[in-house]
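Quick mapping for you: the protein sequence lines, in order, are chains A and B.
To convert, note that position 64 of the first sequence is 64 in my numbering; the numbers rise steadily by one, no gaps.
Counting from 1 along the second sequence, just add 1000 to a position and that's the residue number in my numbering.
Don't take every hint at face value.
Pairs of lysine-lysine, PhoX-like flavour, derived with a Cα cap of 25 Å [unchecked claim]:
(1) B/K1183 <-> B/K1160
(2) B/K1183 <-> B/K1057
(3) B/K1227 <-> A/K234
(4) B/K1183 <-> A/K178
(5) B/K1160 <-> A/K234
Among chain A residues calculated to face chain B with C-beta under 7 Å, some are [said to hold, decoys possible]:
(6) A28
(7) E29
(8) R142
(9) I146
(10) V150
(11) K155
(12) V156
(13) D165
(14) I166
(15) F171
(16) G192
(17) Y195
(18) I202
(19) W203
(20) E209
Honestly, the hints are just simulated from the structure, not real lab data.
Predicted model, so just to flag it, every value in this text is computed and none were measured.
Cβ atoms here follow ideal geometry from the backbone N, Cα and C, with glycine treated the same way.
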Amino acid sequence: MAPSILIAEEEDSVAELKYQALYDGLQAELLPTQVAMMFMDGASGDQLNDIARICCELRTKVISVSTLSSASVHRSKEEIDVATNITKLCLEDLERNDIRVSVIGKRDSISDSLLDMITKMEETTKNNKSLHIIEAIDYTGRGEIIQACVALAGKVKDGVIQPEDIDENVFQQELETKCSEFPDPDIMIRTGGKYSIDNFMIWQMAYTELYFVEKDDLEFNKTSFVEALDSYQKRSRRFGGK
Amino acid sequence: MDPVAESQKFFRRISQSSNIMLFLLWHVVHLILSVLYIVREIFRAIENYLITNGYVKTYTNLNLDRVKYLGIVIDSDEARNTSKVVELLEWLSALGVKKLCLYDREGVLKKSKAVFMERFGSTENSVAGPLVSKKRMDFEFVSITDGKEAVAKAANLLFKKYYVDGDSEKPFFTEAHLTDALKTLGAVEPDPDLLLIYGPVRCHLGFPAWRIRYTEMVHMGPLKYKKLGLIMKAIHRFTKVKQNYGS
């Protein structure tokens, strides 16, 4: 067998051992309930399946996924289609593993064929409870806040609510992440070596652990994900309190 | 001898052995990681020394024009140590930072505003030498009340202005509307380009969400362990990275 193949196989074995060793050290009660993932150009189906499987096993409840290229201005519908992650997941697998999927963001930026697929996935999986995957498509944090303002303005206009009754808690109920039982991520993992959240869930990330990874999307694998979880469980979090 | 019981015993022994192996492997991996972290901290200390004393030419000329507005987030418990905060500000002043936003959740820094303004509001030189010669800095002091609460208040302003009378058209707000409403409430400064976070936890502790959409954030560790070299490195790294700002 060629030496390069032998070296590659050995590296795979070492990586698998490292993954298994880290995974076995994780304690579910110390792990995040909600994970946010930011990819530069999108994850592969295998990466998503690995992440979803690990989250299900470790009882993570919600994972929010954003592909930054789909949130950028002036993207065509075709580019947004390619960048969308949840369509790389198989509906049968989602059903079998009791996983629910939802989409937040601007649906008028999505092509009709993708919109049909997403609607079907959301409808089919809406009663699943094991894990909730939320994909952000053409989504911006500021846009979400503005949308909440518009929704509350409508309620004020209709006399349902008075302006002085509106505080940050009422505001939070109008955000798109109200579809989730746990809207605020405990940890945000971003690939690509940039250290910003790029207008993703800016309202929700007040006390979110920020974990920036130098690896690009292709290099970020299940071991990288488990390393992030391992790093999270070592940190003490006070949510702004004492 | 019962072959089923024997085989069960055999597989149980194998399972126990493999559990022990994984247990040992987990500890070996964590031991290696701990050693790597220690080596990394030693390296960072050496790096800080070299950068601070000008041995690394790369960091001698920081392109501070790219950092128009620097944000500093400090854990409120650590912010009570005013001397450490003053030392940090002296370093930033010496580096040439002109506009600074200081944030802590509970508003401890707001209460010490007079101290900072008095020390950094003039151009007098320090007796300690050129490295800590003070230059004027423009400050903004921010706390949790300037975050989500301010956005809710700004939204209330818009609602009262446009929709309480019941004759208005269908609600239509843009980001510009909310930004203007926030300015009316006193938030007139731009978004920070770079946020340096001091504290035990790697999060921005509720810094006003409206203002950090494209802000680079770097966790610097606890304030008591701050290092000038690492500040210079963080600023240098920011100036070298191409900022897309969502495009």
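Verification of the supplied hints:
no. : hint                : in the structure
1   : B/K1183 <-> B/K1160 : holds (16 Å)
2   : B/K1183 <-> B/K1057 : violated (42 Å)
3   : B/K1227 <-> A/K234  : holds (23 Å)
4   : B/K1183 <-> A/K178  : violated (28 Å)
5   : B/K1160 <-> A/K234  : violated (47 Å)
6   : A28                 : violated (16 Å)
7   : E29                 : violated (17 Å)
8   : R142                : holds (5 Å)
9   : I146                : holds (5 Å)
10  : V150                : holds (5 Å)
11  : K155                : violated (9 Å)
12  : V156                : holds (5 Å)
13  : D165                : violated (9 Å)
14  : I166                : holds (6 Å)
15  : F171                : holds (5 Å)
16  : G192                : violated (11 Å)
17  : Y195                : holds (5 Å)
18  : I202                : holds (4 Å)
19  : W203                : holds (5 Å)
20  : E209                : holds (5 Å)
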